[in-house]
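Participant: In the order they appear, the protein sequences are chains R and G.
Heads up: the first sequence is residues 1 to 82, going by the numbering used here.
Heads up: the second sequence is residues 83 to 262, going by the numbering used here.
Bear in mind the hints are in silico, worked out from the structure with no lab data behind them.
Owing to the predicted nature of the structure, the values given are computational and were not obtained by experimental measurement.
Beta carbons: idealized from backbone N, C-alpha and C, even for Gly.
A portion of the hints provided could be inaccurate.
Claimed, not checked - Chain G is faced by these chain R residues, among others (derived, beta-carbon under 10 Å):
no.: 1; residue: F6
no.: 2; residue: G20
no.: 3; residue: V39
no.: 4; residue: T51
no.: 5; residue: D68
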Amino acid sequence: MVNERFRFHGRVEKWDDVNGLGEISLDGDDRRVWVHYAVIEPRGSADSYRTLGNSAPVEVEIERADQDGYEWRATWVRGVAT
Amino acid sequence: MARDVGARRGDVRAFRSSFLVVMLAMLSTVFLVAPAVAQTGPLEGRYEFTGKSTERYFEMSDSNGTFTGRTSYVDVPPPEIGQTITMAWSFRISPSVRSIATSPMTCTTGVAQVPSYRDYHPDIPVDYFLHSSVPMLGFNTNYDLEGKCVLQVNVGGRPGTATLTYKFHFRIADGLPYDA
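All chains should be built: construct the whole structure from the sequences, respecting the hints.
Facilitator: Quick look at the structure:
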C-alpha cells in the first residue's frame, strides 16, 4: 500500500545505468535521495527494464536511511510524463 | 554445434514457486523453534538475460528477503567482439527478519567463475540496501553468484544467529545466430 504522506515530486540529478544507481532531488526541498533500480516502478509488465533518465521528472517515496552517504533513500519511484 | 541455453523464463518461475513452498515450510520451523543458530535454505533462482526489454531484470523473494539482478545490455545493435557486460544486483532483508534482528549484519557475495569479484560489507545496518555490480562478464557463459548475510536475532526471548543465503545462477545471451 502506497503511503501518500511520503510522496514527493522530484528530478533525477544523476543516473548510472550500468550500475542502476542514482540520486534524486526533491522539488522545493534540499534533501538528496539515493535511488536504486529495484524500486523503480516498471513501465508495462513487472519484467520490464527499470531505468531513469538524467534530469527526468519523477514521483518518489522516501525513507530515512544510512545508505552510501545519503540520509534518504527512495522506496518507490515512477517517471512522470512531460 | 548445439549449445546449452540454460533454463528459460518458464523454468525459472516453476523453480521459484516450488522453492518458495519449501522455504516457507522451513522458515516456520526455523523461526518458531528459534534455535541457537538459524540457517535456512537459500533463496535461489536462475535466469538468462537476453538484451530484450523484458528480459533484463530478475527478481526473487521469500520470507527472508528480496534479490534482484539487472543488466543494461541491449541486443540492438548486436554486441561488438570482446564486449563485456556488467550485472548489477541487490538484496534486501525482509521487514519480518529486520524486526527480530539484534545486531548489524555482515554480508559477503562472490561469483564462482569470477574469482576477482568479492563484495564484503561488515557490520552494516539490517535495513541497508545491499547492492553491487559484477563487471567484465562474457556472453553465453554460466555464472553462479552466491552470498550470505549473518546477523544476530532474538525470537521470543531466545537469541541466536541467522544466516540468510542467496544464490543466483545466470547467463547473458548475446542473441546472435550460430554458424552451422
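Participant: Please go over all the hints and tell whether each is borne out by the structure.
Facilitator: Against the structure, the hints come out as follows:
The closest approach between the C-beta of F6/R and any C-beta of chain G is roughly 15 Å, which is over the 10 Å cut-off, so the hint fails. Checking G20/R against chain G by beta carbon gives a least distance of about 4 Å; that is within 10 Å, so the hint holds. Given the 10 Å rule on beta carbons, the hint for V39/R holds: about 9 Å separates it from the nearest Cβ of chain G. Because the smallest distance between the Cβ of T51/R and any Cβ of chain G comes to about 8 Å, under 10 Å, the interface hint for this residue holds.
With a least beta-carbon distance of about 8 Å to chain G, the hint placing D68/R at the interface is held under the 10 Å criterion.
This entry does not satisfy hint 1, going by the numbered hints stated previously; all others are met.
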